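Protein chains in written order, with the numbering used here: chain A, 81 to 297; chain B, 4 to 296.
Since the hints were derived computationally from the structure, they do not count as laboratory data. Just so it is clear, the structure is predicted and the values come from calculations on it, not from any experiment. Just so it is clear, CB atoms sit at the ideal spot from N, CA and C, and this is done for glycine as well. Some hints here could point you the wrong way.
[Said to hold, decoys possible] Heads up, incomplete: computed chain A residues facing chain B, CB under 7 angstroms, no partners named:
hint	residue
1	Leu85
2	Lys178
3	Gly188
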Amino acid sequence: MNNELRVGLARVMRRVGRVLVEDPYVKEEFVLVDDIPIGVEPTLPAHVPVRLAECVYLDLGTPVVVSGTTSMWVTIPYELRVAAGERVLKVLSPFRVKHTVVGTPYEGIICRWFKSAVISNPSSWDRAEGLGKILVESPTPEVVKGIYVRLNMLKLYVRESPRLQVFYGTMKGHVRDNIVYVSGVEESPPAEGLREVRGLVEHNTARYFHMEFREGP
Amino acid sequence: MFPQDMLHKLGTMFEALPALERQILLYVGVAAAIGVTVAVAVFIRYWLRRSLRPKVPPHIYVGIEKIVVYGIILIGVVAALSPFGIQLTGLLMVGGFASLVIGFAAQTVFANFFSGLLLYIERPFKIGDPIKVLDYVGRVEDISMVSTKIRTWDGVLVRIPNEKLMNSDISNYSKSVARRIDIPIGISYKSDIERAREALRRMLEEHPLVLVYPPPKVYVVDYSDSAIVLKLRCWVPTSMWFETYMELVAKVKATLDEAGIEIPFPQLDLHVKEPVAINLLGREREALSGVST
Chain A
81 MNNELRVGLA RVMRRVGRVL VEDPYVKEEF VLVDDIPIGV EPTLPAHVPV RLAECVYLDL
141 GTPVVVSGTT SMWVTIPYEL RVAAGERVLK VLSPFRVKHT VVGTPYEGII CRWFKSAVIS
201 NPSSWDRAEG LGKILVESPT PEVVKGIYVR LNMLKLYVRE SPRLQVFYGT MKGHVRDNIV
261 YVSGVEESPP AEGLREVRGL VEHNTARYFH MEFREGP
Chain B
4 MFPQDMLHKL GTMFEALPAL ERQILLYVGV AAAIGVTVAV AVFIRYWLRR SLRPKVPPHI
64 YVGIEKIVVY GIILIGVVAA LSPFGIQLTG LLMVGGFASL VIGFAAQTVF ANFFSGLLLY
124 IERPFKIGDP IKVLDYVGRV EDISMVSTKI RTWDGVLVRI PNEKLMNSDI SNYSKSVARR
184 IDIPIGISYK SDIERAREAL RRMLEEHPLV LVYPPPKVYV VDYSDSAIVL KLRCWVPTSM
244 WFETYMELVA KVKATLDEAG IEIPFPQLDL HVKEPVAINL LGREREALSG VST
């Protein structure tokens, strides 16, 4: 049984009577009085370092030209909630966190910013970032520099074996001012063998966690 | 002229009635007039509730409703009682005079009340907004008919009359989603400016709450007496402005230390044109003479 989990820059380590959680923004240790199971599960990228953003802006770096109906896979961040039983101890970020304004600083909206990339072969993807498929409708050729999606639209899925893989539900969007605005998400999972997980951490509790840890040396 | 003819005919018929029946009819008429007045007041209250209540805060709405409804009832009842010799004009005159006296006495109260209404219409802030007004900076805790309460950052509850607020400059920090941070910092004239700028820019870019857009900037603003002054400029979410400002100010020195950039003390170079005689005293003179021998 695992006693240490590393995902990107996040680390959860269980030792005798203790659990240590760590990411670039927090390092904290908890004493465990009973042999309570510690669980880890992905969650939406909205809690680290504080809950601020209602949306995610995926900066594609290299602009993408789309025309007609374009389907592409992009990398999307996520966070990890660590819980003892049903009580969430901490939410960690496996990736560096940045925010941006979409619109003006006066009337825009604060979004979580992420340097994303278009992936040509998602089945062989072996890095920590989550993957999401997006269908872009564009009657004329357009240049896309980023993707804007509201957090409450995102559907999060996880595959736990042979290793942790995070997926997002297939998104649909249209282009305006070089940005794809996601307007809908498909109900069905984007691939087989995925389990849907709850999006945001609310009331500081969690109901189920599948990646349980037992005490290590 | 139809209504006048009708009224004249009704008046003649009324005069022709026996005294008792005339009296009964008078009471019935007065009761009906009062009933109609109350019905009109109830209808207006219903209309006010439908149109104003969803838009106006309760503490302002309740006052408006009471003034309008009781005013209509008072005027209606007095007008209905006019057949008994109670004259509306006389009452209005007395009321007007009383209002004048009360108005002078309660000038400040009314000024505050109407300022409160104007503040509501203009809405420069709402409860919970961080604002700066007069010498006070804090969060708005309550807006009432005559005053506004602000909880300052050091925990003091300040009550400001609405009239004073209306005549003051108000800065509302929550009206933008992002707010700018400016931090000036001096580096020594011996330092590499580009190296310092690069280190500070990287520090800003690594902070999770410094926004990617608008992009952070570090630039030279002044060649002052003791230092080259750089300015760090970035935007952060408004709700996290102070926390981020504190963190960045604290990190600036560590970042410059790490990059080998010196933050100089204020210094003054003194050049003396003529040789100046220096008188040495005590041990210094002995030590100097010992060295020379």
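Cross-check of the supplied hints:
1. Leu85: violated, 22 angstroms
2. Lys178: holds, 5 angstroms
3. Gly188: holds, 6 angstroms
Figure legend: structure checked against the earlier numbered hints; the only hint not met is number 1.
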